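S.K.: Line by line, the protein sequences give chains Z and U. Just so it is clear: in the first sequence, position 76 is 72 by my numbering, and no numbers are missing. Going from the second sequence to my numbering is simple: count from 1 and add 537.
Among these hints, one or two may not hold up.
In silico contact screen, one side only, chain Z against chain U (beta carbon under 7 Å); selected entries [claimed, not checked]:
hint, residue
1, F83
2, L105
3, L109
4, A112
No lab work stands behind these hints, which were simulated from the structure alone. Source: prediction; values computed, not measured. Cβ atoms here follow ideal geometry from the backbone N, Cα and C, with glycine treated the same way.
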Amino acid sequence: MVRVSNVYKSYVRGKQTVEVLHGLSLEIPKGDFVALMGPSGSGKTTLLNLIGGLDQPTSGEILVGGQRIDQLSGGQLARWRARNVGFVFQFYNLMPVLTAERNIELPLLLTGLSAAQRRKSVAVALEVVGLTDRARHKPRELSGGQEQRVAIARALVSDPTILICDEPTGDLDRKTADEILGLVQVLNRDHGKTIVMVTHDPKAAEFARRTLHLEKGQLLEQAAA
Amino acid sequence: MTRTGFVFANLLRKKTRTVLTLLSVVTAFLLFGLLQAVNVMFSAGADFVGATRLVTQARVSFTQSLPMRLLPEVEAIPGVARVMWQQWFGAVWQENTQLIFFAADPGRLHSVYPEYVMPDQQWRAFEETRTGMIVGRNLAKQYGWHIGDKVPIASNIFPQKDGSKAWIFDLVGIYDGKDEEWQRNTNVGYINYAYFDEANQFGSGFAGTFILRLADPDQAQQIAKTIDARFENSPDETKTQTEKDFNIGFFKQIGDIGLIVRWILFAVFFTLLLVVGNTIAQSVRERIPELAILKTLGFTDGNVLSFVLAEAAVMCVIGGLLGLGLATMIGIVIGGGGNFPLAVDRQVWITGVLAIVGLSLAVGLLPALRASRLSIVDALAGR
């Protein structure tokens, strides 16, 4: 599903070039649930961004679902993301001016679905995350856990093959975090979604099938969850 | 939800700010509409007359009169179909309302200005009544004059032979225009030249200008040159120009209206550009993470650019149309009569719509480009 081969990534910050990933390689099979752990600055989020097509490597190859995404242009990458990837972030990143259902509908505006089809898809996604009764609420009227559920529904609604989760429980209490992680686990187990999740939280990592540790831009080990 | 719905949702994010910005756009376009109408009114005085007539005046200034003895010579020039003459009367109504009145020969006025529409019976009455006068429909409407009225009009230039500046005329006709533009310009009054010529204290046998109807408008330049050459180095040198150029020169007595209006509009739109531009730019700055999320979800740079540009355009279009609409209504209310008919017409609307498009691009393009070029990774990391 995901094959990262000898990837280097460096950023220019002011006059300095910061090398973040150093010839990193990894494979994630379809239907896997991988937790990426490591200290701050180890390159977890950079790797996640590369797999999700939010950024391009300095060198190396990235294949996702058989597609060389490191060779796509900005526009092609955007369209590829719309079809193949769902994103969940630590701070939810919902549109404050839109209701929950409108937030979930947003990625569907990029599809050719009719309004009725979009409403149906939104209803299903809300059902999956258990928020049908909060459809008309705006983000500020929801709790953190509910906001993250809406974000998960938004990530799911266009039926992507891979879910990219960047610290999805970093802003939640333990109980809510476990609920969210349980939901992510269900998406992996019951819906077959491939999930790559960055976390600092070992308890969160326990929900994954396996955990990969990064340090100084390199993969340290692969451990079965 | 549609993409349009999303644009409106973003616009309503901060209602007070949006409403205040909208009001500034409305006000600017209200001013734009009214000032453009003023501009058009002054230039229309030049434009609508067409190119079928020439005006011959004294070379030094049209305030100097020409002797009537020039008439046969002007009439004899090939290509001149008909000549009328007129004298600015300096009309004043009641206390101090200046009116546009000329002393003219009725028959010649009729033949040189076929655009004036009036029943034959009234044209005949004008010819046959020495103290007769005719006025345009707008003028009659504004002052409530009716045919048969005796209208006291003073002249601030020409006293009667007894020294009195008060004249009394019989209103014998009310003319209209042949089309919308001529109808809008029915604000001029004419008195019978024969009576004026005899009764005024300053003597007879002179005219302010000769107006020549041409057989072939394409010959205008040649005929003008011929006339002026004919009277060159004589005591009565002439300046002959198209009626349009003459009118432009006349209005320039007041000032270069076009230039004044352009400068005022420049100031208004420059301020508007700063106000709306700053609002849009601020609105983009405030939601950089949201714009990054849009791109994360798969919206392309072009999509994001169009969202921001659409927000600017919606603000400018709604504000602009409301402003122009208001200006049109004000134009209808205050512009119906008077010497200068103010009308926010199609020409003003076309210019206004072009200004709306220009303003939308000017205020929206830079923030939209900035939004479209956002790096997702940097924006999400707050860099």
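S.K.: If a hint holds in the structure, say so; if it doesn't, say that too.
M.R.: Consistency of the hints with the structure:
With a cut of 7 Å, the hint placing Z:F83 at the interface with chain U holds, because the nearest CB-to-CB distance is about 5 Å. At a threshold of 7 Å, the smallest CB-CB gap from Z:L105 to chain U is about 6 Å, leaving the interface hint in force. This hint is violated: Z:L109 has a C-beta 12 Å from the nearest C-beta of chain U, more than the 7 Å allowed. With a least beta-carbon distance of about 13 Å to chain U, the hint placing Z:A112 at the interface is violated under the 7 Å criterion.
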